[in-house]
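Input sequences plus hints: build the corresponding full structure.
Each residue of the sequence shown is one higher than the one before, starting from 22 at the first, in my numbering.
Among the hints, a few may not be true.
With a cut-off of at most 25 Å between alpha-carbon atoms, the simulated DSS-like pairs for lysine-lysine come out as follows [stated by the list, open to error]:
(1) Lys328 x Lys287
(2) Lys83 x Lys293
(3) Lys409 x Lys422
(4) Lys378 x Lys272
(5) Lys272 x Lys514
(6) Lys349 x Lys164
(7) Lys405 x Lys379
(8) Lys328 x Lys272
(9) Lys272 x Lys510
(10) Lys328 x Lys293
(11) Lys422 x Lys379
(12) Lys83 x Lys349
(13) Lys349 x Lys293
So the derived label-pair ranges between C-beta atoms look like this [to be verified]:
(14) Ala73 x Asp366: 22 to 28 Å
(15) Ser516 x Ile386: 42 to 48 Å
(16) Glu297 x Lys514: 53 to 59 Å
To be clear, the hints were calculated from the coordinates, so they are not data collected in a lab. Ideal Cβ positions, reconstructed from N, Cα and C, are used throughout, including at glycine.
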Amino acid sequence: MDHRRPHDGAASLRLRRHNNRTSTTSPKASDALPLPLYLTNAIFFTLFFSVAYYLLHRWRDKIRSSTPLHVLTFPELASILSLIASFIYLLGFFGIHFVQSFISRPSNDVVWEDDVTDVVIPNLPPLHVVDDEEIVNSVVEGKTPSYSLESSLGDCRRAVAIRREALQRVTGRSLQSLPLEGFDYESILGQCCEMPVGYVQIPVGVAGPLLLDGFEYTVPMATTEGCLVASTNRGCKAIYASGGASSVVLKDGMSRAPVVRFSTAKRAAELKFFLEDPLNFDTLAIVFNRSSRFARLQHIQCTMAGKNLYLRFTCSTGDAMGMNMVSKGVQNVLDFLQNDFPDMDIIGISGNFCSDKKPAAVNWIEGRGKSVVCEAIIKEEVVKKVLKTNVAALVELNMLKNLAGSAVAGALGGYNAHASNIVSAIFIATGQDPAQNIESSHCITMMEAINDGRDLHISVTMPSIEVGTVGGGTQLASQSACLNLLGVKGANKESPGSNSRLLATIVAGSVLAGELSLMSAIAAGQLVQSHMRYNRSSKNVCQM
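Rendered as structure tokens:
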């Protein structure tokens, strides 16, 4: 009769520890080997790493010589078979103990007390079956991490509500006016926002029609600034009445610039010369382009600071804005370069020579994303009747404000009246990265009297508009609807990249309209009056 007491596994979990038993040991699979175990292991370990090293070097040589990887010689084929055989052996050897642990485990679910240690772990019920109030208390007490609610509950809407209530209790501040209902929280999980507690409502207005390159566009703008949509709409009206605007995309390429370091400046210069040598570009492009079917390396620009080297990679990215795409391509090249430059120390995948989300001369001069110029000729009668000013006043104001005034201020890419206003509003409405408004708003506005001073030629040059029509916030329902309004929703299958380029030209055209209208308001002395009328609230927010 067995006097061991059974232990109820449903009440608690115990860490298992098998006791030494005198039962006969099961025969091992390794006993069937013709050689001693240690010798067999040494042979297969050596075989595995030797052929792996050989194949990696052969593939590197093929990439450099542009030889297809699937064309195999007899030694390469034999090496692949040896690699597979040694891998199967090693996998089987290290899996013996794992398999035998399952074979020797008792078939019933009874856990005997002398088979376990005395460490007891409470068996808590799954979180999704616990009452919401208990979960809130657990989050408040710090027992349940707030960031894990979505994965633990399997219900994003419920997770947001619980996190929201816990936050209110911890801070003592009400979130009653922050909307909770009416949003698809599943759509942002793992891609747009972490630890959500609600969403912010931003009104979306439309300006237009904007007549650009022979087509009409109704431009969505998400903003809380009064007069902005109305002013841009007036600019669109003036452009339309004058026959429309035209645009040209000068460049299209996203950049990423890692920083690497060597022991000496001379060694860093060697890599710089290697990367800038045209004979090496095709090999580097093959390595880079493996990251995506849309990524195509365009050029590499290098600059040094002592023994540190900054490598600015630029590539096309289809209809995506492309930051992730170019980053993967850069990582591929860095891994490849370390074969020939093993002393290269990769400090960071981004060394700020890109430059992302910061005002930088390199973006102003070299461009980043889409470089666009947009122009229009505004007729004299339109300037007088629609814009309520005259051509001479606009030209003088533009010179003294946008050009000389910005120079006095030491502006970097800010030779305009308010390009960032329009760029930000369109970015938010269409799901772009709002922080990239910084470099995307680089703009110089030019005005010139033509046709004997009667008409006005106006242009905006924007070297770094960073937009995409796929990925990120563009896939959210509201933002997707705004892209659909412009006719640029999603990827263009017939001509990859054309949707994002069209969106960039619409942004530039809208900036042109906004610049035209605001400058006219300032020239006519209407700025203060219009803002007093449309941009002041009579509500007492302290009582809301």
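**Report entry** Hinted pair lysine 328 and lysine 293, Cα distance within 25 Å
**Finding:** With Cα atoms ~11 Å apart, lysine 328 and lysine 293 stay inside 25 Å; holds.
Query raised in the report: Does lysine 272 lie within 25 Å of lysine 328 when you go C-alpha to C-alpha?
Result: violated, 31 Å
Query raised in the report: Given the hinted pair lysine 83 and lysine 349, is their alpha-carbon gap at most 25 Å?
Result: holds, 21 Å
Query raised in the report: Given a hinted range of 53 to 59 Å, is it respected by the beta-carbon distance of glutamate 297 and lysine 514?
Result: violated, 36 Å
Query raised in the report: For the pair supplied as a hint, lysine 83 and lysine 293, is the alpha-carbon distance within the 25 Å limit?
Result: With Cα atoms ~23 Å apart, lysine 83 and lysine 293 stay inside 25 Å; holds.
**Report entry** 25 Å Cα cutoff - pair lysine 409, lysine 422
**Finding:** Holds - the C-alpha atoms of lysine 422 and lysine 409 are around 19 Å apart, at most 25 Å.
Query raised in the report: Is lysine 272 within 25 Å of lysine 514, Cα to Cα?
Result: Cα-Cα ~21 Å, so holds.
**Report entry** Pair hint lysine 349 and lysine 164, alpha-carbon separation not exceeding 25 Å
**Finding:** With a Cα-Cα distance of about 37 Å, the restraint between lysine 349 and lysine 164 is violated, given a limit of 25 Å.
**Report entry** Hint consistency between lysine 328 and lysine 287 [alpha-carbon to alpha-carbon, up to 25 Å]
**Finding:** holds, 7 Å
Query raised in the report: Per the hint of 22 to 28 Å, is the separation of the Cβ atoms of alanine 73 and aspartate 366 within bounds?
Result: holds, 25 Å
Query raised in the report: Is the Cα-Cα distance between lysine 349 and lysine 293 25 Å or less?
Result: holds, 21 Å
Query raised in the report: Is the hinted pair lysine 422 and lysine 379 satisfied, with a Cα-Cα distance of at most 25 Å?
Result: Satisfied, since the Cα-Cα distance of roughly 23 Å is no more than 25 Å.
Hint check: violations occur at hints 6, 7, 8, 15 and 16; the rest are consistent with the structure.
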